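A.B. asks: Sequence:
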Amino acid sequence: MKKQLLAIVTLVASISFSTAGIAGTIGTLSWDEASTYITDSANTSTRYVQLGLYANLTYAETISALSTTVELQGFQIATNSDAYNFFNAFSSSSLVDNTLMLDEVHNVTTSWTDGVLGNNHSVDHDFAFFLSDSTSDPVGVIDFSVNSILDEAYGSIGTSDQFSSNGNLSNLPISWLLVNNNFITATVPLPATLFMFIPVLLGVFGFQRKRQS
1 MKKQLLAIVT
11 LVASISFSTA
21 GIAGTIGTLS
31 WDEASTYITD
41 SANTSTRYVQ
51 LGLYANLTYA
61 ETISALSTTV
71 ELQGFQIATN
81 SDAYNFFNAF
91 SSSSLVDNTL
101 MLDEVHNVTT
111 SWTDGVLGNN
121 HSVDHDFAFF
131 LSDSTSDPVG
141 VIDFSVNSIL
151 DEAYGSIGTS
161 DQFSSNGNLS
171 NLPISWLLVN
181 NNFITATVPL
191 PATLFMFIPV
201 LLGVFGFQRK
211 RQS
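Going by our numbering, the sequence shown opens with residue 1, and the numbers climb by one from there.
Everything labelled a hint here was simulated from the structure, so no lab data went into it.
Quantities reported herein were computed from a predicted structural model and do not represent experimental measurements.
Heads up, a few of these hints could be off.
As the list claims (entries may be wrong) - With beta-carbon atoms standing in for the labels, derived distance ranges:
(1) L100 <-> V123: 37 to 47 Å
(2) A23 <-> Q73: 22 to 32 Å
(3) N98 <-> T68: 13 to 23 Å
Yeah, the Cβ is synthetic: ideal placement off N, Cα and C, and Gly gets one too.
Start from the sequences and build out the full structure, keeping to the hints where you can.
C.D. replies: Here is the structure:
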């Protein structure tokens, strides 16, 4: 009887609480390929959206998606400061966002593997746009590669739109870096499959007690 009960409990656990494996980890950032989000082990309240998931959208379409898509609630396009945090997290760097020195470009050697945080652009590089502090070129870009680059002054909004599905470079899509710095993990209710086994367990215990009496 104990073996039968153990088998039932094991089956419930395998159905209800199985998790997907980690697709990639670099620095303090990890992405589970089954998830929408990139997590940061050094900052558990922050989530980023996996690279490439919304790479085909223009800037305006991305803004619209942030207000209409359930999984993007609480997210925003990354600012200059957010981009530095992200860059430092995956490159194990400690770069400082110095707003007195605009249009900065940083190059850091990393152990980058293409697609480790989601795929976009090409097989050699992944990219992410962000809204920079630059007044002349308000779109910055992070180039994820073995020699990763943070460029605060990549171009204009129109330049970034060229990489959307309607742009001249639609074959090389680039994501906007989307971040939520106050991410709250919702309480997950017990799966319905668990309740399916409760009558079975009660029946097993009831039958055992009846035999003993």
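A.B. asks: Check each numbered hint against the structure and report the violated ones by number, ascending.
C.D. replies: 3
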